[in-house]
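Engineer: Taken in sequence, the protein lines are chains A and B.
First residue of the first sequence: 695, per our numbering; consecutive thereafter.
First residue of the second sequence: 148, per our numbering; consecutive thereafter.
Don't read these hints as lab results, they were simulated from the structure.
Since we're looking at a predicted model, the values are computed, not measured.
One should not assume that every hint holds.
Pairwise CB distance ranges (calculated) [unchecked claim]:
hint: 1; chain 1: B; residue 1: S149; chain 2: A; residue 2: D842; range: 44 to 54 Å
hint: 2; chain 1: B; residue 1: N418; chain 2: A; residue 2: K828; range: 44 to 54 Å
hint: 3; chain 1: A; residue 1: V883; chain 2: B; residue 2: T501; range: 42 to 52 Å
hint: 4; chain 1: A; residue 1: L704; chain 2: B; residue 2: Y215; range: 44 to 54 Å
hint: 5; chain 1: A; residue 1: V883; chain 2: B; residue 2: M605; range: 45 to 55 Å
hint: 6; chain 1: A; residue 1: A819; chain 2: B; residue 2: S454; range: 16 to 26 Å
hint: 7; chain 1: B; residue 1: D167; chain 2: A; residue 2: K830; range: 26 to 36 Å
hint: 8; chain 1: B; residue 1: P225; chain 2: A; residue 2: P750; range: 54 to 64 Å
hint: 9; chain 1: B; residue 1: S454; chain 2: A; residue 2: E854; range: 44 to 54 Å
hint: 10; chain 1: A; residue 1: E696; chain 2: B; residue 2: K408; range: 43 to 53 Å
hint: 11; chain 1: A; residue 1: Q758; chain 2: B; residue 2: S479; range: 51 to 61 Å
hint: 12; chain 1: B; residue 1: D457; chain 2: A; residue 2: K840; range: 44 to 54 Å
hint: 13; chain 1: A; residue 1: G811; chain 2: B; residue 2: P225; range: 49 to 59 Å
For each residue, glycine too, the CB sits at the ideal point set by N, CA and C.
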Amino acid sequence: MEKFTTCTSLAAPLIRDNIDTDAIIPSREMKRVSKKGLSVGLFAGWRYLDQKRRTPDPDFILNQAIYSQSKILLSGKNFGCGSSREHAVWALAEYGIKAIIAPSFSNIFYGNCIRNGLLPIRLDAEKISILSKKSKALFIDLETQKVDAYPFEIEAQNKEILLNGLDQITMTQHHQLAIDDFISKDRLVRKWAHL
Amino acid sequence: MSHTLFDKIWDQHCIAPLKDGSDLIYIDRLLLHERTGSVALKAVEEDGRSIANPAHVFCVMDHILDTYEDRSDQTTMPSGTDFIQSHRMSAVKYNLPLFDVNDETQGIVHVISPEQAIVLPGLTVVCPDSHTCTQGAFGALAWGIGSTQAEHALVTETLSLTKPNSMRITLEGSPQDGVTAKDIVLALIGSLSAGGAVGYVVEFAGPVVEEMDMEARMTLCNMAVEFSAFTALIAPDQKTFDYLKAGPYAPKGKEWKEACKNWLALKSEENAVFDQEITFDVSALLPSITWGTSPEHMIALSSPVPSATDSSTQRALDYMGLNEGDLLTEYSIDAAFIGSCTNSRISDLRRAATIIKGRKVADGVTAIVVPGSMKVRAQAEKEGIDKIFKEAGFEWRKPGCSMCFYAGGEHFGFQERVITTTNRNFESRQGPKTRSHLASPETVAASALMGKIIAASMLEDL
Chain A
695 MEKFTTCTSL AAPLIRDNID TDAIIPSREM KRVSKKGLSV GLFAGWRYLD QKRRTPDPDF
755 ILNQAIYSQS KILLSGKNFG CGSSREHAVW ALAEYGIKAI IAPSFSNIFY GNCIRNGLLP
815 IRLDAEKISI LSKKSKALFI DLETQKVDAY PFEIEAQNKE ILLNGLDQIT MTQHHQLAID
875 DFISKDRLVR KWAHL
Chain B
148 MSHTLFDKIW DQHCIAPLKD GSDLIYIDRL LLHERTGSVA LKAVEEDGRS IANPAHVFCV
208 MDHILDTYED RSDQTTMPSG TDFIQSHRMS AVKYNLPLFD VNDETQGIVH VISPEQAIVL
268 PGLTVVCPDS HTCTQGAFGA LAWGIGSTQA EHALVTETLS LTKPNSMRIT LEGSPQDGVT
328 AKDIVLALIG SLSAGGAVGY VVEFAGPVVE EMDMEARMTL CNMAVEFSAF TALIAPDQKT
388 FDYLKAGPYA PKGKEWKEAC KNWLALKSEE NAVFDQEITF DVSALLPSIT WGTSPEHMIA
448 LSSPVPSATD SSTQRALDYM GLNEGDLLTE YSIDAAFIGS CTNSRISDLR RAATIIKGRK
508 VADGVTAIVV PGSMKVRAQA EKEGIDKIFK EAGFEWRKPG CSMCFYAGGE HFGFQERVIT
568 TTNRNFESRQ GPKTRSHLAS PETVAASALM GKIIAASMLE DL
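Chain B on its own, in the form it takes in the complex (with noise of 0.2 Å):
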């Protein structure tokens, strides 16, 4: 029978069928951030258990901390220091490799573990944050798990898992100008439903996928948890390689050759059978826009605002204070937001900057930028990119996912209305019964000089 990169993958990874029908996996990467990873070194700790390979866990900075320039391991969020300091203590004391608050390699997990070639195509990567799917764009098997599970693959290198269904999802035709991989993923979920992909891991293939550059893929597979995906994936190709290739745990040399020939043949054999397949034009497709508090609650920018199908979508109106028919364009925003583990690398602060250059924010909107990690802040600085965000009235943070999820420190006012480039407009994703709409970076960009809700195409005219 022929198999698909994800039978691959779990093939060479199961060490045994269970009795029960599971197979044990071998797990190659654990990262760990302070929020939940604390949790479970500590646990691990209070057990009396020790970490199988310390060398493959790695220890992350980047929930809980602040993102402003001066910030140290004092937070804004009450007890944010503890998670802080106890995740370090752990990381020092079993001798994990760390990216601690300051230092040039910091970054959000989903950023930084590329960056590191610390995902690799072809390996199982595990952290306990659901957004590990992003991952999967380099051809790894990456996904989000619980604490408990953290704590078993730190003692064990293993998880027992049953394997998940398949499915395939092949994006045809051609994006028009301004529609990016943002836009066809939210479009996917609404498509799909949050709940449209239970129990299956996602392969994305065809030839919009092919042509994306990696940092689309990752922004890509980044929202398939968000579809209720056990993950997304991939297959890896030169674009891949090219983009690991300069990382510090990359192999190298001889060894480098030999791991990319063996990468090339993880891809799906031709005749593989999927358990689903769907195919999915995204030429139709024009800028996405979220209106309600579920990500499937999404809608083309120029299209009105749906009338309410259940009580759920009615008490999601109400929350955004939007009423059936209402057009996002008319609605001005207080907030704008460029960051998060979906849209804060490098190729999305370069796109957001071409459109804001020369322009300024407009009046009483609050603009953040938070680059996706301490190199890719280092980049945009070499670049000028930063000037371009600061001139035009954007705050140049440090990064961090503290302003993505309200922890009680950084985020935005009560029920402010803020266009943001992250995954999640649930209710007080962002704040106090903040109304957060989800959209690519260029629209965010458009949306802060004019005040309201706007795509980049429509900025000249107005």
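Pulled out of the complex, with its shape left as it was, chain A reads as follows (with noise of 0.2 Å):
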């Protein structure tokens, strides 16, 4: 996985509540069973007037030309609701978004960011008001846990994992005798949690 240190970018304001996995991906966009090619359907409904010619719309933040590079989304509170398609994840990646700031977002979409090397950043609103209106980049520091002057919260493992682009699966493997153990006791405990 692909390391987040820091990122500098203009940021694109998405200011809406409760954008949903829906709306990031639509299901109908993800045609392989794969976790690549989907950043053409990022946004798809939102970001095309015409989903099969795929006519940009004019209107649409991604689309508007200062926007088109940009690494880091503004949005509003409980981001990425709704389906647990970690697809979403992969497109916005694939598309090349690095970090999203918003109030809150739903817990599998969050720890899907984090498996994926993208930052998810809690900002209060106000902030994230402030931070749209600015005309020049947006710099982010995990190492210091800020973006620009403002300080973030980020749990101490899902900062380790960003920052070295660790892969959990090799990281819990190093504990497989004490997963050997636990399983032992527990199939003389809990009979019938063990088919």
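Hints given; two lone chains; assemble the complex.
Structural biologist: Dropping the structure here:
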């Protein structure tokens, strides 16, 4: 997984509450049994006037010239709610988004971001509103946990995963002895749980 | 310190605390469906990894396959066949239990898992599907995950997690006639907001919950993710055991008795402390319906559509083609849908059929019933419920999720107004620019007959 340390970019303000994963990647855009090839379907319902011909809607924020290269999204509360589809994060990452700043995120989406090297930052709505009015690039530093001058919170585990680009399966396999030991003891206590 | 139901399950599954403050949690059951599970299984294979315990991994076909009578691997969703066949190939290759396209046990994952007793009280159950919380109704810690987490659980039988906070929602009072679990949970979402329980495991408790049958409890837990809970659960009781006992994966004989004893001890202790306590009186509630594009956009069926409070709600009004002050009961509908992991069980179909019996669907309304599983469908056919629906003009389909989330195959028409028992009214959720109104099976049934939005109790008056 790619590491996340810092990010400098103009931030695209897509300030709406409850942006759901159906909006981020509509179900019909998930065309292959694959994590790739999804960026073209990112925000398809909003991004294109004509879905089939992929005619860009000039009003959609990412279609505006200054935001076309943005690596940071600013949004409203409860970002990524709805379906658990990790395709939403794969599409954002493939498109080039590195960080999303919102007052809150849905739990599954938040976890999916961490596991794919995207940084989800929780900031209150007033600060996001101030950041959205900036015409200069924002600077995000994960090590010091700051967006420009604003500090943000992140769980120690998630910070470590992002900073080092860690693979969680490999990390967990270091605990294989403890897992085996747990299972052999648990089999005696909760027989029905072990098929 | 006294423990909650959630604490007890967590402690029982904690393999080791990790140095960053999270815990390594043992996962008892992993459920995979063909849309997201297929990707996870393929990734494990491509990475050259193996599946730790195939007996604990269950593969279902529910998301992409068609719901038509003559369905097969060929779907109306472009490329849908690839998902079905890839999922099946992986299941066969790794020797994973599979509920295949036209099996007698096929169905929506959250309907068949309890039917089969794959979910049991006190288990940890995960699935790359956000409505896994449905299964918390059985006193299991069941929650939706992403595909990468599914890979992690496949390979290691664990997930590393920071323990969520706990919230108890005590439902008090007594619901009025015609007010169902669906109406209650929509009202709760309206009260808490769509993001109201981020970071919490919710335990539903209180006399209203104890009174509910298992299928109503499932409806209640199903929509916990719609107010952003990590998951929801309900303490197991005799009703829970009765529902699960005949399931093929339930423990048998002496082991069943021992298990029930253990499960009864899981309930939250009397003085257990929750991080947050909410009491919600259901007595004054009326049948609920959504007007907008988030489940939090809900009102009582008889109330006027509220005014926009910000750009998000204005956008929702515009999308739904509504104005402040409108009465939804004045709007005609194009379609009615009974189905989904929220409301497709036999009790849902029975209640809707009671309203429909001997009546006809209004002209111009497309009305569809998708039973939650082949077992539900067979039971309904045994009771003659299919005939009631069909004679009224409903289409009687085979189980699946596809009508709930426009995957490009089955869907409702452009900008059609749909009254639906499902759980999401997002933009284009059930078709291109569809306008979905979430409601109970009773409300959907009555509205299908009238051709406009109406509560079942008002049916006689009009």
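Engineer: None of the hints should be skipped; say for each whether it holds.
Structural biologist: Against the structure, the hints come out as follows:
Checked against the given bound of 44 to 54 Å, the beta carbons of S149 (chain B) and D842 (chain A), roughly 45 Å apart, stay inside it. Range check, N418 (chain B) to K828 (chain A): about 51 Å between beta-carbon atoms, so the 44 to 54 Å window is met. At roughly 45 Å, the beta-carbon separation of V883 (chain A) and T501 (chain B) lies within the given 42 to 52 Å, and the hint holds. A hinted range of 44 to 54 Å for the beta carbons of L704 (chain A) and Y215 (chain B) is consistent with their spacing of about 48 Å.
A C-beta distance of roughly 54 Å is found between V883 (chain A) and M605 (chain B), which places it inside the suggested range of 45 to 55 Å. Distance hint check: the CB atoms of A819 (chain A) and S454 (chain B) are about 20 Å apart, consistent with the given range 16 to 26 Å. The hinted window of 26 to 36 Å between D167 (chain B) and K830 (chain A) holds, with their beta carbons roughly 34 Å apart. Our hint of 54 to 64 Å for P225 (chain B) and P750 (chain A) is violated, since their Cβ atoms are close to 22 Å apart.
Between S454 (chain B) and E854 (chain A) the Cβ separation comes to about 46 Å, which falls inside the hinted range of 44 to 54 Å. The given range of 43 to 53 Å is respected by E696 (chain A) and K408 (chain B), whose C-beta atoms sit roughly 50 Å from each other. In this structure the hint that Q758 (chain A) and S479 (chain B) lie 51 to 61 Å apart at CB is violated, the actual value being about 39 Å. Taking 44 to 54 Å as the suggested C-beta distance range, the pair D457 (chain B) and K840 (chain A) does not conform, at roughly 28 Å.
The given range of 49 to 59 Å is broken by G811 (chain A) and P225 (chain B), whose C-beta atoms sit roughly 30 Å from each other.
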